[in-house]
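J.: Protein sequences appear in the order of chains A and B.
With the first letter of the first sequence counted as 1, position 140 gets the number 140 in full-length UniProt numbering; the numbers rise by one all the way through.
With the first letter of the second sequence counted as 1, position 396 gets the number 396 in full-length UniProt numbering; the numbers rise by one all the way through.
What the hints contain is simulated information worked out from the structure, not anything from laboratory work.
Virtual Cβ for every residue (Gly too), placed ideally from N, Cα, C.
Don't take every hint at face value.
Claimed, not checked - Here are the computed distance ranges between Cβ atoms for each label pair:
#1 B:Gly-284 - A:Ala-300: 44 to 52 Å
#2 B:Ala-209 - A:Lys-285: 13 to 21 Å
#3 B:Gly-284 - A:Ala-54: 18 to 26 Å
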Amino acid sequence: MADTSKPATRKAAIVGGNRIPFARSNTAYAQASNQDMLTATLDGLVARFGLQGAQVGEVVAGAVLKHARDFNLTRESVLGSTLAATTPAYDIQQACGTGLEAAVLVANKIALGQIESGIAGGVDTTSDAPLAVGDDLRRVLISLNNAKTMGDRLKALAKIRPGQLVPDMPRNAEPRTGLAMGDHAAITAKEWEIGREEQDELAVRSHHNMAAAYERGFFDDLVTPFLGLTRDNNLRPDSSLEKLAKLKPVFGKGEGATMTAANSTPLTDGASAVLLASDEWAAEKGLPVLAHLVDAQTAAVDYVHGGEGLLMAPVYAMPVMLARNGLTLQDFDFYEIHEAFASTVLSTMKAWEDPAFCKEKLGLDAPLGSIDRSKLNVYGSSLAAGHPFAATGGRIVASLAKMLHEAGPGKRGLISICAAGGQGVVAILES
Amino acid sequence: MADWYTNFANSGVGTTLTKQLGLPRPGVLRRYEPGGPLLDGPAVVGSAGQGRLRDTVTAVLRDAGVTVLSPVVADGDAAGEKLGAVVLDATGVSGPADLAAAHDFLAPAIKRLRSNGRVVILTDPPAEAESPAQAAARQAVDGLTRSIGKELRDGSTANAIYVPEGAEAGVAGPLAFFLSGRSAYVDGQGVTLSAADVPAGQDAEKPLAGKVAVVTGAARGIGASIADVMARDGAHVVAVDIPAAGDSLAAVANRIGGTALQLDITAPDAAQRLVEHLRERHGGVDVIVHNAGITRDKLLVNMDAARWNSVMAVNLQAQLDITQALLDGDVLNPGARVVCVSSQSGIAGNRGQTNYAASKAGVIGMVRAWAPAFAERGATINAVAPGFIVTEMTAKMPFGTREVGARLNSLQQGGLPVDVAETIAWLSQPTSAGVNGQTVRVCGQSLLGA
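Start from the sequences, fold in the hints, and give me the full structure.
T.: Right under this line is the structure:
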């Protein structure tokens, strides 16, 4: 008997994407807000695909660093864009996994037939970051606001102390360990014996690959200039091993420290968006289908007490997704492993190659094995472009979809993105 | 309005001052507005010789709701109703003697022409005349039209249409253009028609409805204005510009409900990428406007190869390559229109612009040479040659140079980007099928290169 309880699903198509050039913190976009950047990115996408006044099924996006006033960031950006004001939107946040997770959410609704089209995006600024008042001052201000008489107000004001006026600065640190993400990555790099030179090599390759892609016009229909910036300003086409070798380590301690400002991503501002749809919707609008989002998987690790590295969750997500799709790690034409740190990419690949780790931690009979490095981040990744946390997923999805489309039908691409909080998102695209 | 002097000359104090000082008195040009009348007053239609187009002309006017009056015969009958247009059918001239009738008709009629009036003279191409006398009479129309253009004031224009035997069906579109506000800054020009399958009519408000139009260099200036006008006339505009101009390009596309295509037209694969884009997204293309252009001015003796080569690559080679790729890729829809932007510099030459003028003259040669091949597939290829057009670029010119440049024409003012755009949009219309291989100057009858 046929299983009629399971709804028929379809694979969501990736039609295309848009992002603004990424800018190192406090440079070109120092005065731009998350909403400014996301709105401009949506408008660029609208222009590329002629969606003026169109209502798409849903817009899903998010930011990792967010002001309290931006509680409805995505919806507000939609209202400021040229999309129809009747386009629904919601915010999500899964740290650096935000952009890819947004794409997965949109794709799933399309797969279920709940929407025909949608936009997934992400945006982050570390230039226009929110500052919070300390908890002591916050309590005083709330009681001041609640005070009904002048006397109560004066009493509340009298509780303010100079020390309370120092704001809480946002920090790129894990709340439960107090360690910066880079310091966590350095621990993992040491565990997996990742050398300085191989990290620098990966970084140099990222810059060279991305510069070459820009030169050949690969990003012409993926990037729209913003505030005078036409390319990512972190990109160093002339990057070289010699130059990188001169840098002092910034994460990790002592002799064995290997992680520098060049083989780690800088704080970055930027936004990205991806247009997804059913094949029918795309055909009806005369829009291309670059690839389909086939499957995705998240995982999380216990980096607090469980002894696993903070950024190692994608390592765990991968075998689950591969098994579900009957694929091996080698069955792909392109690999996009987010370069949060060069050492993260290298630790991730080393873990998949390690028989003991794969058996003990992943419960596999055999290791996932190695991947062909010539298929890895072939048009550069976050070390070159920079990494505005929530915007990275959209950058990767749109670029990979275009790479697969250029390579022809039936090509497969793999995405792996690590995220704060010990989380990870992986996904498969296919042209 | 960008032209401060025209505004001033038409103000209360300005009118008095400019009159007393004998300064130029540019009129405020009547420009096309959707839904507006073809003319602001009645028209008269006359003939010199036994012309064959009088009925056609009268029909065009009546179809547009214009009252057609009988020819004004009495000399100096200036008391009658002011005229919106004077149209002379001179297709019947067989020799200079027939031109007396032209004078007899035009003189009293033009005396009654109102501001922003129109004079249009139709005759056959001199080259196809049966005798030297007939050729002389037809060629005389050229000098007549240009001189009337120079005598007219207050925004009025005079233009000629040369209609060979068999091309009569193509008269309506060009005639309507020269009568309308679309041709506000086209003055003293002649357009030679050729025989073609011309559709009987088109949507008056949206003549480009359902058409896909590519506009290169659309991010700003004249290109953005072309995109605006094409979209207003009903076209879906594919706005193309270099990736570095992508943000303003997106703004243009979003303003007009078009799409943005970031593409450096000089890239080796640019033509192929454009063809693939048009095929994939639109299944073909109806209109392509080669507007993208750059200047790299230097006196020839001081000009380096980079300046020369970059101007040639953008202004001429890219137009050739893309047009060829559209032909080869078989993406030009039936009735396709190619409109290339040339320049007054390409006709008159310009000091410091050897590269630019050469490239823009090249464009004129290109459309003339390609016209027969386009005619064979029921398509057309034409050029427009803008004169002094008020843009961000001219705003940066020194005051004196700019003001003198702007006045050296019969309309005594610079044109606006929209004037160039309107001419291009007209050449793109279905009923412009009889206009092919032509270069139409949008220069207010500039003294340069005339």
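J.: Against the structure shown, which of the earlier numbered hints fail to hold, in ascending order?
T.: No numbers; nothing is violated.
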